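In the order they appear, the protein sequences are chains A and B.
Each residue of the first sequence is one higher than the last, beginning at 1 in this note's numbering.
Each residue of the second sequence is one higher than the last, beginning at 1 in this note's numbering.
Calculated from the structure, these hints are not laboratory results.
Possibly wrong hints are sitting among the right ones.
Claimed, not checked - 30 Å max Cα-Cα, derived DSS-like pairs, lysine-lysine:
hint: 1; chain 1: B; residue 1: K492; chain 2: B; residue 2: K187
hint: 2; chain 1: B; residue 1: K518; chain 2: B; residue 2: K487
hint: 3; chain 1: B; residue 1: K417; chain 2: B; residue 2: K518
hint: 4; chain 1: A; residue 1: K71; chain 2: B; residue 2: K492
hint: 5; chain 1: A; residue 1: K373; chain 2: A; residue 2: K325
hint: 6; chain 1: A; residue 1: K258; chain 2: A; residue 2: K217
hint: 7; chain 1: A; residue 1: K71; chain 2: B; residue 2: K487
hint: 8; chain 1: B; residue 1: K417; chain 2: A; residue 2: K71
hint: 9; chain 1: B; residue 1: K518; chain 2: B; residue 2: K187
hint: 10; chain 1: B; residue 1: K492; chain 2: A; residue 2: K85
hint: 11; chain 1: A; residue 1: K262; chain 2: A; residue 2: K181
hint: 12; chain 1: A; residue 1: K372; chain 2: A; residue 2: K304
hint: 13; chain 1: A; residue 1: K71; chain 2: A; residue 2: K258
hint: 14; chain 1: A; residue 1: K85; chain 2: B; residue 2: K518
hint: 15; chain 1: A; residue 1: K373; chain 2: A; residue 2: K262
From a predicted model like this one, the values you see are computed outputs, not experimental measurements.
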Amino acid sequence: MSFKKSLFVAGAAMSSWPLLALAQNQVNMSPGVTEIGAEIYDLHMLILIICVIIGLLVFGVMFYSIIYHRKSRGVVPAQFHESTKVEIAWTAVPFLILVGMAVPATSTLLEVYDNDEAELDILITGYQWKWRYEYLDDSGAPVAFFSNLSTSQEAIYNTEDKGQNYLLEVDEPLVIPVDTKVRFLITANDVIHSWWVPEMAVKRDAIPGFINEAWSKVSEEGIYRGQCTELCGAYHGFMPVVVHAVSQEEFDSWMAAKRAEKATELASASVEMSLDALMSEGEAIYNTQCVACHGAAGEGGVGKAIAGSAVALGDINTHLDVSIKGVAGTAMQAFGGQLSDTEMAAVITYQRNAFGNNTGDVVQPADVASYKKG
Amino acid sequence: MGAHHHGPARGITRWLFTTNHKDIGTMYLWFSFAMFILGGAFAMIIRAELFQPGMQLVEPGFFNQMTTLHGLVMVFGAIMPSFVGLANWLIPMMIGAPDMALPRMNNWSFWILPPGFLMLASTLFMEGGAPAFGWTFYAPLSTTYAAPSVTFFIFAIHVLGMSSIMGSINIIATVMNMRAPGMSYMKLPLFVWTWLITAFLLVAVMPVLAGAVTMMLMDIHFGTSFFSAAGGGDPVLFQHIFWFFGHPEVYIIILPAFGVVSQIIPAFSRKPLFGYASMVYATASIAFLSFIVWAHHMYTVGMPVAGELYFMYATMLIAVPTGVKVFNWISTMWRGALSFETPMLFSIGFLVLFTIGGFTGLMLSIAPADFQYHDTYFVVAHFHYVMVAGAVFSMTAAVYFWLPKWTGRMYNETMGKLHFWVSFVGFNITFFPQHFVGLAGMPRRVPDYALQFADFNMMSSIGAFVYGASQILFLYNVIATIVAGEKVSDEKVWDGAEGLEWTVPTPAPYHTFEVPPKVDTAAAHG
Ligand code: HEM
Ligand SMILES: [Cu+2]
Ligand SMILES: [Cu+2]
Numbered sequence: 001m002s003f004k005k006s007l008f009v010a011g012a013a014m015s016s017w018p019l020l021a022l023a024q025n026q027v028n029m030s031p032g033v034t035e036i037g038a039e040i041y042d043l044h045m046l047i048l049i050i051c052v053i054i055g056l057l058v059f060g061v062m063f064y065s066i067i068y069h070r071k072s073r074g075v076v077p078a079q080f081h082e083s084t085k086v087e088i089a090w091t092a093v094p095f096l097i098l099v100g101m102a103v104p105a106t107s108t109l110l111e112v113y114d115n116d117e118a119e120l121d122i123l124i125t126g127y128q129w130k131w132r133y134e135y136l137d138d139s140g141a142p143v144a145f146f147s148n149l150s151t152s153q154e155a156i157y158n159t160e161d162k163g164q165n166y167l168l169e170v171d172e173p174l175v176i177p178v179d180t181k182v183r184f185l186i187t188a189n190d191v192i193h194s195w196w197v198p199e200m201a202v203k204r205d206a207i208p209g210f211i212n213e214a215w216s217k218v219s220e221e222g223i224y225r226g227q228c229t230e231l232c233g234a235y236h237g238f239m240p241v242v243v244h245a246v247s248q249e250e251f252d253s254w255m256a257a258k259r260a261e262k263a264t265e266l267a268s269a270s271v272e273m274s275l276d277a278l279m280s281e282g283e284a285i286y287n288t289q290c291v292a293c294h295g296a297a298g299e300g301g302v303g304k305a306i307a308g309s310a311v312a313l314g315d316i317n318t319h320l321d322v323s324i325k326g327v328a329g330t331a332m333q334a335f336g337g338q339l340s341d342t343e344m345a346a347v348i349t350y351q352r353n354a355f356g357n358n359t360g361d362v363v364q365p366a367d368v369a370s371y372k373k374g
Numbered sequence: 001m002g003a004h005h006h007g008p009a010r011g012i013t014r015w016l017f018t019t020n021h022k023d024i025g026t027m028y029l030w031f032s033f034a035m036f037i038l039g040g041a042f043a044m045i046i047r048a049e050l051f052q053p054g055m056q057l058v059e060p061g062f063f064n065q066m067t068t069l070h071g072l073v074m075v076f077g078a079i080m081p082s083f084v085g086l087a088n089w090l091i092p093m094m095i096g097a098p099d100m101a102l103p104r105m106n107n108w109s110f111w112i113l114p115p116g117f118l119m120l121a122s123t124l125f126m127e128g129g130a131p132a133f134g135w136t137f138y139a140p141l142s143t144t145y146a147a148p149s150v151t152f153f154i155f156a157i158h159v160l161g162m163s164s165i166m167g168s169i170n171i172i173a174t175v176m177n178m179r180a181p182g183m184s185y186m187k188l189p190l191f192v193w194t195w196l197i198t199a200f201l202l203v204a205v206m207p208v209l210a211g212a213v214t215m216m217l218m219d220i221h222f223g224t225s226f227f228s229a230a231g232g233g234d235p236v237l238f239q240h241i242f243w244f245f246g247h248p249e250v251y252i253i254i255l256p257a258f259g260v261v262s263q264i265i266p267a268f269s270r271k272p273l274f275g276y277a278s279m280v281y282a283t284a285s286i287a288f289l290s291f292i293v294w295a296h297h298m299y300t301v302g303m304p305v306a307g308e309l310y311f312m313y314a315t316m317l318i319a320v321p322t323g324v325k326v327f328n329w330i331s332t333m334w335r336g337a338l339s340f341e342t343p344m345l346f347s348i349g350f351l352v353l354f355t356i357g358g359f360t361g362l363m364l365s366i367a368p369a370d371f372q373y374h375d376t377y378f379v380v381a382h383f384h385y386v387m388v389a390g391a392v393f394s395m396t397a398a399v400y401f402w403l404p405k406w407t408g409r410m411y412n413e414t415m416g417k418l419h420f421w422v423s424f425v426g427f428n429i430t431f432f433p434q435h436f437v438g439l440a441g442m443p444r445r446v447p448d449y450a451l452q453f454a455d456f457n458m459m460s461s462i463g464a465f466v467y468g469a470s471q472i473l474f475l476y477n478v479i480a481t482i483v484a485g486e487k488v489s490d491e492k493v494w495d496g497a498e499g500l501e502w503t504v505p506t507p508a509p510y511h512t513f514e515v516p517p518k519v520d521t522a523a524a525h526g
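With the hints as extra help, turn the sequences into a complete structure.
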């Protein structure tokens, strides 16, 4: 595309975009809502100010020279050069300034690394392109869920207005209690991701096969938003992190509700569902889990087309197999562990009946369960 | 070198078979400019997509191909070969040698470059697209999860690496063996010194890069698991190997740039460089330190705290010799008789903007603060201040400075100054706001962003188009100079210029210093 054309397209698109006024134009790091965050902010400001002062001095001398030591003013150039004393001074003084910076940096770093005595452990797993959160406990059936981008494709492709939290919103946020030391155990399922919430001052790489630790103690209730910060493939820009920090009571009741939800889910797995119910749930799941690769109209993209796909029109078992186990060596992941049996049944039913794939097939949660048993 | 005393051969064979350092230098310079335009075109696509929130022009996967190719082409195609071109032209003339020590290898090290880049560019047309894993190509995104074109990428890197290694062996051999009588090491012009040290860095780290891509090749095709935990390997190992190459690499890019401004600032200050010896020692210490700080790119991978502390302290130390350099340049200007022709303007632009990049580098070296900066636009701003305003500005200054010597014609000064001001303003409009969005939380390498980053991104894109357009002015000025510039015949060209290259006739004849010159102290370290 030509440069002119891109300018034109961008300009045209801009005029239809009314949100300019909303922009906040933050220019500095946020001190955030944790003690560590505030310390890091202070450190950042300290070093920034030192740099600015040195910069003003250095550039001051330079501009003085540029203004007053011009040939056009008829200056006769001095010929001085080499001075060991001066050289020693401008080596030693910066060194001492650096030592002065290293002291607070060291103490902050040691605090960042103090992972002991956490009151709550959360396992964070990066997937292409979503996060999974698991609240570790000894119950044997810990609360766990995936957190997907909830911004619509229409908003991304500019056919719908962009909301206030465009690209920074998820279907299900991580919930943590305030004033509690929460330890994050961070890993990944496929490639390297990085979990970052600026206001919590936590950024740690999620590395497949390894578990990193980080911690945070949020002091204010609120919603904090961040993003993946390690390039992790095509949709790296579309896997936000949203954290709800709530009071301990709120957290406890949320936890109880999650546990109850889990129990009903297990029970519902044996219930027969109607085609309509499966289709509507399936559509919702498709649009969060599959749409990035298979396209809003099943037309494909990173993944193969679902519309008219031999798999979606053919044997149900193959369809189950691909969706549950994935296709090794491709971006098609094993969704068996990511979706519940009900969700899996719904999305497969949806794929077999949407996009003109009118097979009329209904896949029930029990079918998924029995397929998994083998 | 058999037949002397003849001009260049005619036609295409002159360029294909040439062993003349000036011809080869010219080819390197043109090639790198072509790559600069290509990499710049990729950048324009990136900035057009980022002009405003939402996906408008390209798909996310293609966007990643653009960021990857932009980085690779700029680093390996534009900046590195441009300085090799400069070295080819200037080192023999600066040390009083008739040519490079290994002229046939010189030909070869240039001529494998275009096929290497052709191979890299061809990946754009392959199934699955070009590499999309960033110029740092972290595994396993670049191995298990990469498009099939990654194999071509690996071979392209091998070819570019071979070219660099041959080029640097040649420079080392030339500087060590071909100096004119009396040209002792401590009389070498700083450009030669910085290149000598750079060449050692290259010889040391390009094989490490070759090792990294070979391990990738093994992982992809031959069932090894260097970088996969599932097979007992470690993805972080990749990063250690990459940055063991990568950090020295950034100094490979900047040291010759230091050399260039150390030639130009004294010339337009009409005053010797303030501390020649300390500049040499500072360069050497930067080079040494550059080997032992690599993991400052990896503060967030989960290193033990002792490792973090070590890499933080070592990285902070680099600010000391870097500061020495900046102080020296400014003391050189102090009480000189300054004039502001285009090369000087670009050198002062370098000085100001590189120093800003050095400050942000110092900020990034503070490990706990880097947890907030890492992989955001703040880092993007940092490295463009050091690489574009550092390396590219100094390269541009070099072209304006030596072009009259090379061609015997003067460039258009007004247009040169215009080029400087448009570049300078465009550059800052592009990259200064990136500090802000980075601090406010915008990650790098994303094709789309949240609404609060919109204004600064739009500003950045506008600046980028301006900076991009200013390069057309440069190209025009250079071509106009070559074909119709006002003739210069003064050997010195610039009244303040010092050094052997200014003692040969203007334009520099095809063969220079067939008889070694006598080096007196006055001609030394210009
Ligand atoms: C005072 C000297 C410098 C210091 C202390 C410094 C420090 C750093 C640090 C700590 C990072 C990692 C930031 C992060 O990823 O979180 C970084 C990134 C980078 N620096 Fe510098 N730097 C300095 C000078 C330079 C120079 C001279 C160049 C090249 C001409 C350079 C090029 C880069 C590049 C390319 C990156 C980003 C690499 C990537 O992730 O793609 N830096 N620098
Ligand atoms: Cu990511
Ligand atoms: Cu580095």
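**Request:** Provide an ascending list of the numbers of those earlier hints which the structure does not satisfy.
**Result:** 3, 10, 13 and 14
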